[in-house]
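So you can see what is in the structure, the chains are spelled out below.
Protein chains: 4
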Amino acid sequence: MSELRIAVVGAGQMGADHINRITERIVGARVSVVVEPDVARGAAAAALAPGAVALTNFADALKRDDIDAVLVATPGQFHETVLLPALAAGLPILCEKPLTQDPVSSLRVLEAEQATGKQLIQVGFMRRFDREYAQLRALIESDRTGALLALHCAHRNPTTGEGYTDSMMITDSVVHEIDVVRFLTDSPIVSVEVKRPKRNSLAPSWLQDPILVLLETESGILADVEMNVNVQFGYQVRTEAVFEKGIAEIGRTAGLTLWQDGQYGGAEHTTFKTRFADAYDAQIQRWVTATKKGEIDGPSAWDGYLVAAACEAGVRAQETGERVEVEYVPRPAFYSHELVTSVTV
Amino acid sequence: MSELRIAVVGAGQMGADHINRITERIVGARVSVVVEPDVARGAAAAALAPGAVALTNFADALKRDDIDAVLVATPGQFHETVLLPALAAGLPILCEKPLTQDPVSSLRVLEAEQATGKQLIQVGFMRRFDREYAQLRALIESDRTGALLALHCAHRNPTTGEGYTDSMMITDSVVHEIDVVRFLTDSPIVSVEVKRPKRNSLAPSWLQDPILVLLETESGILADVEMNVNVQFGYQVRTEAVFEKGIAEIGRTAGLTLWQDGQYGGAEHTTFKTRFADAYDAQIQRWVTATKKGEIDGPSAWDGYLVAAACEAGVRAQETGERVEVEYVPRPAFYSHELVTSVTV
Amino acid sequence: MSELRIAVVGAGQMGADHINRITERIVGARVSVVVEPDVARGAAAAALAPGAVALTNFADALKRDDIDAVLVATPGQFHETVLLPALAAGLPILCEKPLTQDPVSSLRVLEAEQATGKQLIQVGFMRRFDREYAQLRALIESDRTGALLALHCAHRNPTTGEGYTDSMMITDSVVHEIDVVRFLTDSPIVSVEVKRPKRNSLAPSWLQDPILVLLETESGILADVEMNVNVQFGYQVRTEAVFEKGIAEIGRTAGLTLWQDGQYGGAEHTTFKTRFADAYDAQIQRWVTATKKGEIDGPSAWDGYLVAAACEAGVRAQETGERVEVEYVPRPAFYSHELVTSVTV
Amino acid sequence: MSELRIAVVGAGQMGADHINRITERIVGARVSVVVEPDVARGAAAAALAPGAVALTNFADALKRDDIDAVLVATPGQFHETVLLPALAAGLPILCEKPLTQDPVSSLRVLEAEQATGKQLIQVGFMRRFDREYAQLRALIESDRTGALLALHCAHRNPTTGEGYTDSMMITDSVVHEIDVVRFLTDSPIVSVEVKRPKRNSLAPSWLQDPILVLLETESGILADVEMNVNVQFGYQVRTEAVFEKGIAEIGRTAGLTLWQDGQYGGAEHTTFKTRFADAYDAQIQRWVTATKKGEIDGPSAWDGYLVAAACEAGVRAQETGERVEVEYVPRPAFYSHELVTSVTV
Ligand SMILES: [Mg+2]
Ligand SMILES: [Mg+2]
Ligand SMILES: [Mg+2]
Ligand SMILES: [Mg+2]
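Protein chains in written order, with UniProt numbering: chain H, 1 to 345; chain L, 1 to 345; chain C, 1 to 345; chain Y, 1 to 345.
One should not assume that every hint holds.
Since the list gives no way to pick out one identical chain from another, each pair is judged satisfied if it fits inside one copy or across any two copies.
As a list, the in silico BS3-like pairs of lysine-lysine whose alpha-carbon atoms are at most 25 angstroms apart [as the list claims (entries may be wrong)]: (1) Lys-245 x Lys-63; (2) Lys-245 x Lys-273; (3) Lys-292 x Lys-118; (4) Lys-273 x Lys-63; (5) Lys-273 x Lys-198; (6) Lys-245 x Lys-198; (7) Lys-293 x Lys-118; (8) Lys-245 x Lys-293; (9) Lys-245 x Lys-292.
The hints are simulated quantities; they were obtained by calculation from the structure and are not laboratory data. These figures come from a predicted structure and were not determined experimentally.
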């Protein structure tokens, strides 16, 4: 296969980004089809990729013979309706997070994937491809600083828009920490609890923002997550890992330092697009390379299901103020080949 | 009064440090008397201060006419037995933290102080005199970054000795955060909850170490405290403050940076004595200066009582795993003059 | 043109790196031909690029019809013998630094390029594509901190091999600063002087290492360059820029910070390959993209000539200990379109 | 001797600072006499020190019996006229830098000191008492990173006043680096050369500011000093030390870090008073303690002479643009006891 021909489904902000990425920076792949119900948006997105055609529904795309793989970038509530026919067509899939928005539908996707006889789905938890997360994961595996005991996570966004609700603090935002905490600890999350710091008066009136989320892993590690989506000052994702004999920290900004007007300083990120630019590129490049070999190289549908289950518990924890235990179905043998440890950047 | 003549009661590690400090670095004061039941230790400590005499009990000290003030550095369980006669004698007192080990005895001390008609007691929460805590406090007061919403605190010690117990994680260690969170927020702590990360296998077998302590203030600010007393790598006290429009951090080490063997780096503290050396000096110098003016200049006995009450709740929270509300008696008018805001370094 | 077909001439370390880069990470280009006199090395290098053929001389390559552009990665003394026939064939060229090893031969290359009627040569000064250098350049252009007055540069390599001589400290190493100082200041270097700090006893016996090189620009800016090629501890390129109202610094390492054993720290680079990995990628990607549009997008042959002339003066300065003025021919109108300011990353 | 009674001669900014310091922060010493020709200024300064009297000339002071030591804080041109009678009176002296303004007068002071039979003079090069300089000195002595090869120094002031002239860039400012380079290297400076970066248009019209000063030590170490006295942004003294196997850096600011408005940052110093506050305190405290034992504990008159000779060469280098060798008289046996290595902080 010379170039992997990708159908990008959904041409919103994330989809358009991926189309641009695949065209400008990803080797060995091109966008052949853009699926987007909004005709104007679909045309504009397809124009980013020379040779790509714009369609308004995914069923039409599946009838074509110029699609080798699918990248799902629709809003989360539509993921299942794209995933099921794509699986039925036997196509490799990169599905933006979340896999689906609840564990029941995620389980349906798992069923469908198992029916194909092959792992076709990779889920877009791009942080696993960030260089610093990979460094931290490698440190944890090295046991150089003793066992990992706790994680302190901060996830800060400048502002949120009109459609952003309380539960989205869990399902859209903490969702990343839910996956990455498991990635770092290699242990599933067994409980979620949500605490309320003082409310930010600059957040939309309907939001309890920030929150402090406590995640416990089966292995006994406690992760606290400051989820804070109207911090105004920038976009920041930081993690401090507490080991038996040391502390490690990732997520500080690099670049030019300036001394001026009695201050020194540098630039902080203001969007996830710059903070995780390299991670997005690495994720897609590795997915393309793996796909050509008939493999996936990143979080699987099973990982997606685990996150969906923990998010469901998280929303309940947020609503009740209680510690909520997460329940999972037993892991099917189909997913016994754990991919998580193979990730290095 | 030319030089303030101080009786130092208790010549253990902390007492000896203070004797040395007063002699070598504090202007306008000298140690006239050392009270220490262990004769050899008392003699050794008195030898640090030219002209000081060693006595074995505090009653004898009170009969002398060369004492202008008292510095209490005995173990906490003996504080009350020194404080009450010192108050009766009308002497200004710097009492090492904690004021006493429980709120009931603290209230007895408050009664006795009120009976003298004058605030004579300053409690040794030296962090209030640390330059970086003072910078953070000033930032909070400035409202430059909007309201304070949350605090993330880490308090890490290299190792603990034989006598260090689970409850001492609260009463000896978190006690500092309990005071300093109130100092920073200017609001009393209304609840305490204790969470358990994975246990450090390098800690003594009887300790659940580390713990994550959640403190809520009356004003709604949530402080999480990682209390971690066998971290091996060093002594570290860090605070990250979350504001509506910004983040501030204190407690990173300064000094020479070295590049060698493929690494860059610098020295971390390994003891509170170096980390808070300047804070201890500033605390005692300011107390001496204030005492000569008939004032105190730092945390009062009332502050000490608030901490004792919150610690009691903290130990209960640690034992039960529950969120425990802290109860306080109403503030006597005697303590209505709030001193906390006057502290600047 | 779908994919730019590149002949890579020279399959040593640098050439092999570029072959790998073009194959794995550069979009819109592939290696069609590898020219390398060492047959085994050529075959090994060609094997990195699916579909590439290995040849032993460049003349044979020029007879083929599957070459759209040439990347010259031979040792510097052979550059001219590749450049002249490539220009004669009208092929776009990315020439690794230096253009040639002396200004006389560089002028011959300029003549040949002018004879083609079009700028075909881009020179591989990859630092111009480094994100932090671009940030510094942008700051200089912004005038936000007043005029630039001076630059302090440090260029440090872990060790040098057997073939590395004193003059190569200028022609192989300082050559980068000679270009980048002009890039940053947008002004040619008018004099070079070389000072001798204490000799590193760990350097090969024949080397005077480190040296301190002073570069003056026509605009009056003074750049000092610590060139230090046996520092043992790592690979480091740092620049401090002195402005009228501020200071800026680039080149500090980012990534995971670790606290352990009484120290904090992180990893320093140990090779230019990691330090400038992104810059090399950006350079080649942008050259490929520009080449397809019939343009260059980076330092020109004229830039290469300026560097060759300054290096010649530098070697003389190194030998004599004197301040040596650099002499340039007048800039041909052909090169009047200054490309340097267009570089942003 | 209970308290060292000090006559402070000169009550300008520096003298008043010292009076305040001795009164507020120095143990075991007090100011008994202030000598200042300006009556109002003398009275104001004396008022800072309880019990101090103000006199208008030093001869009157010498007639009194309440002076144990002298601190000379007059402008440099008057140092000799205070030092000679103070030496004749056998009084211990802390002389602010420089010892005197030229080597000939410094030699006269050395003669006079030798005539007393005892080292009575300590010179106020306070940087030797700065914690980070002491750390760097200790690293150099440790040989942990191999031999020291070079130093990069930056010395930056916000602005200069009307009276500040070109030669004062050497005699008032670089004078500190001239001493501290010798302190760090333990080797005298054998040559000085002055280079001219682009002139700062914000500097007073009569100043060539900044300059780059090159200092060579007898041991072959090359120190470059950016002397830059109208940087606007703050006060900054930084040193980077180049070793055979590593690099060390001192002089970065510590304290609270703030993230706000898309930036992170912290405060830089804006005056030497805060940057070297601790160093000034340590210097005077150690001088007081040593003086009571009949010793000095810091740079001697011989150190002061070495600096005066190097400054004279530096001014000549500044005027001529040439490399100027420094000439010294042979070291008298009287000064053979090298004090420099005893300095630790
Ligand atoms: Mg592509
Ligand atoms: Mg004292
Ligand atoms: Mg390619
Ligand atoms: Mg004093």
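**Message:** Please sort Lys-245 with Lys-198 into within, between, both or neither, judging by C-alpha distance up to 25 angstroms.
**Reply:** Classified as between; 13 angstroms across copies, 33 angstroms inside a copy.
**Request:** Evaluate Lys-273 and Lys-198 at a C-alpha cut-off of 25 angstroms and name the case that applies: within, between, both or neither.
**Result:** neither (29 angstroms within a copy, 34 angstroms between copies)
**Request:** Please work out whether the CA atoms of Lys-245 and Lys-293 approach to 25 angstroms or closer within one copy, between two copies, in both situations, or in neither?
**Result:** Answer is neither; intra-copy 41 angstroms and inter-copy 46 angstroms both fail.
**Asked** How do Lys-245 and Lys-292 come out at 25 angstroms by Cα distance, when the copy is not named: within, between, both, or neither?
**Response** neither (42 angstroms within a copy, 46 angstroms between copies)
**Item:** Status of Lys-63 relative to Lys-273 across identical chains (alpha carbons, at most 25 angstroms)
**Value:** neither (33 angstroms within a copy, 46 angstroms between copies)
**Asked** Checking Lys-245 and Lys-63: alpha-carbon separation at most 25 angstroms within a copy, between copies, both or neither?
**Response** neither (58 angstroms within a copy, 51 angstroms between copies)
**Asked** From the Cα coordinates, with 25 angstroms as the cut-off, is the pair Lys-292 and Lys-118 best called within, between, both, or neither?
**Response** within (14 angstroms within a copy, 41 angstroms between copies)
**Asked** Between copies, within a copy, both or neither: which fits Lys-293 and Lys-118 at Cα up to 25 angstroms?
**Response** within (13 angstroms within a copy, 43 angstroms between copies)
**Prompt:** Given a CA cutoff of 25 angstroms, do Lys-245 and Lys-273 count as a within-copy pair, a between-copy pair, both, or neither?
**Reply:** Result: close only across copies, 21 angstroms inter versus 34 angstroms intra.
Consistency note: the structure conflicts with the earlier hints numbered 1, 4, 5, 8 and 9.
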